[in-house]
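Each chain, letter by letter, is given below.
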Amino acid sequence: MSATATHQITIPTGDWAADPTHSAIEFSVKHMAVATFRGRFAEYDAKLHNADGEPRLIGDVKVESITVPDDNLTGHLLSPDFFDAERHPAIRFESVGVRYGDDGALVVEGDLTIKGTTRRVEAAGTITEVVEDIGGNDRFAIRLETVVDRTAYGLDWNAPLPRGGVAVANDVRLTVELELTKAS
Amino acid sequence: MLILGISGSLRRDSHNTRLLRAAASALPENVELVAWQGLKAVPPYDEDDDSQTPPPAVAELRAAIANADALLFATPEYNSSIPGQLKNALDWASRPAGASVLKNKPVAVIGASTGMFGAVWAQAELRKVLAAAGARVIDAELPVPHAHEQFDEGGAPLAGELRAGLKQVLTDLVRETRPLAAAAY
Numbered sequence: 086m087s088a089t090a091t092h093q094i095t096i097p098t099g100d101w102a103a104d105p106t107h108s109a110i111e112f113s114v115k116h117m118a119v120a121t122f123r124g125r126f127a128e129y130d131a132k133l134h135n136a137d138g139e140p141r142l143i144g145d146v147k148v149e150s151i152t153v154p155d156d157n158l159t160g161h162l163l164s165p166d167f168f169d170a171e172r173h174p175a176i177r178f179e180s181v182g183v184r185y186g187d188d189g190a191l192v193v194e195g196d197l198t199i200k201g202t203t204r205r206v207e208a209a210g211t212i213t214e215v216v217e218d219i220g221g222n223d224r225f226a227i228r229l230e231t232v233v234d235r236t237a238y239g240l241d242w243n244a245p246l247p248r249g250g251v252a253v254a255n256d257v258r259l260t261v262e263l264e265l266t267k268a269s
Numbered sequence: 049m050l051i052l053g054i055s056g057s058l059r060r061d062s063h064n065t066r067l068l069r070a071a072a073s074a075l076p077e078n079v080e081l082v083a084w085q086g087l088k089a090v091p092p093y094d095e096d097d098d099s100q101t102p103p104p105a106v107a108e109l110r111a112a113i114a115n116a117d118a119l120l121f122a123t124p125e126y127n128s129s130i131p132g133q134l135k136n137a138l139d140w141a142s143r144p145a146g147a148s149v150l151k152n153k154p155v156a157v158i159g160a161s162t163g164m165f166g167a168v169w170a171q172a173e174l175r176k177v178l179a180a181a182g183a184r185v186i187d188a189e190l191p192v193p194h195a196h197e198q199f200d201e202g203g204a205p206l207a208g209e210l211r212a213g214l215k216q217v218l219t220d221l222v223r224e225t226r227p228l229a230a231a232a233y
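From first to last, the protein sequence lines stand for chains A and B.
According to my numbering, the stretch in the first sequence is residues 86 to 269, in order.
According to my numbering, the stretch in the second sequence is residues 49 to 233, in order.
Bear in mind the hints are in silico, worked out from the structure with no lab data behind them.
Every clue listed holds true.
In silico lysine to aspartate or glutamate, DMTMM-like type, Cα no more than 25 Å apart, as pairs:
| no. | chain 1 | residue 1 | chain 2 | residue 2 |
| --- | --- | --- | --- | --- |
| 1 | A | LYS115 | A | ASP169 |
| 2 | A | LYS132 | A | ASP100 |
| 3 | B | LYS176 | A | ASP156 |
| 4 | A | LYS147 | B | GLU224 |
| 5 | A | LYS200 | B | ASP117 |
All chains, full assembly: derive it from the sequences and hints.
Given below as structure tokens:
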């Protein structure tokens with residue numbers, strides 16, 4: 086925890102971009118009422134602009150890059166039952182405010198657009214101090230997490246289970262871990 | 049615009065095949081409906097046969113779907129679900145998973161039965177199967193109950209309500225099929 090602060094770290098100024106090798110955008114959802122199902126998006130673009138003391142975090146995710154452990158499921162997730170990747174090929178997040186919460190957590194508020202629907206969300210997490218990597222470049226990391234109701238974005242598919250309940254929960258946990266380097 | 053009509057029934061005098069013919073007489077302008085006749089020839093699905101050169105009847109089915117702008121299914125109801133041969137044909141059409149001819153294909157489902165419910169469960173099942181295969185299934189429903197009393201000797205619908213229902217389904221299907229400007233998000 087030495088680099089991850091509960092005290093408030095000043096968000097570095099400048100333009101920063103996520104290093105895809107050391108970042109991850111993942112989701113998890115309760116499946117069959119018992120297990121947690123996980124997946125991730127392999128292709129995305131995330132940037133932090135902090136020129137005037139008002140940091141802005143912007144992310145674009147390519148829906149088709151969704152990666153889950155079953156190819157049959159990938160097709161279904163891209164279909165109109167879920168993301169409808171043909172008509173809505175990208176997910177976008179654009180922050181409107183960055184602050185520290187009472188508990189010291191980094192709180193990022195912003196507009197999340199999925200399948201053509203934009204909703205205000207609040208994600209909480211941590212930020213690290215800037216460190217110098219082996220090549221002499223500055224890096225820092227942000228980790229954010231939020232829970233969204235997928236049905237609010239029109240991802241409505243479900244199936245009843247034979248003994249009651251449904252196959253997939255509505256609440257989906259989104260986890261974003263970004264390692265940011267100076268944008269060139 | 050070309051709509052491929054697929055009847056889930058093999059019977060020569062099928063109510064659902066008749067329903068498709070009735071749909072052909074309720075088409076919007078510049079839309080053509082061609083009925084697919086190859087259902088009976090589709091062999092049982094076997095992954096061993098699902099190779100680069102699939103059975104001819106399957107290749108024809110896939111080509112017919114690929115060539116159509118949209119699909120209109122008319123299904124009977126067998127034991128609260130869709131006929132096995134129709135499901136079998138869809139199992140073939142749905143392969144390869146995630147990249148099949150059904151992916152993003154606009155589809156409407158209607159159905160007729162001689163009972164009082166008009167194949168509603170079969171229609172719901174068929175919508176589920178098509179959506180899982182990645183098709184763009186429109187919401188419109190058209191259950192046709194008492195199918196043996198719905199058509200005249202020439203196969204034309206007797207009730208204005210049925211004609212209007214068919215028109216509505218086809219209008220919705222055509223609207224879904226017209227190329228929409230792709231949304232960015």
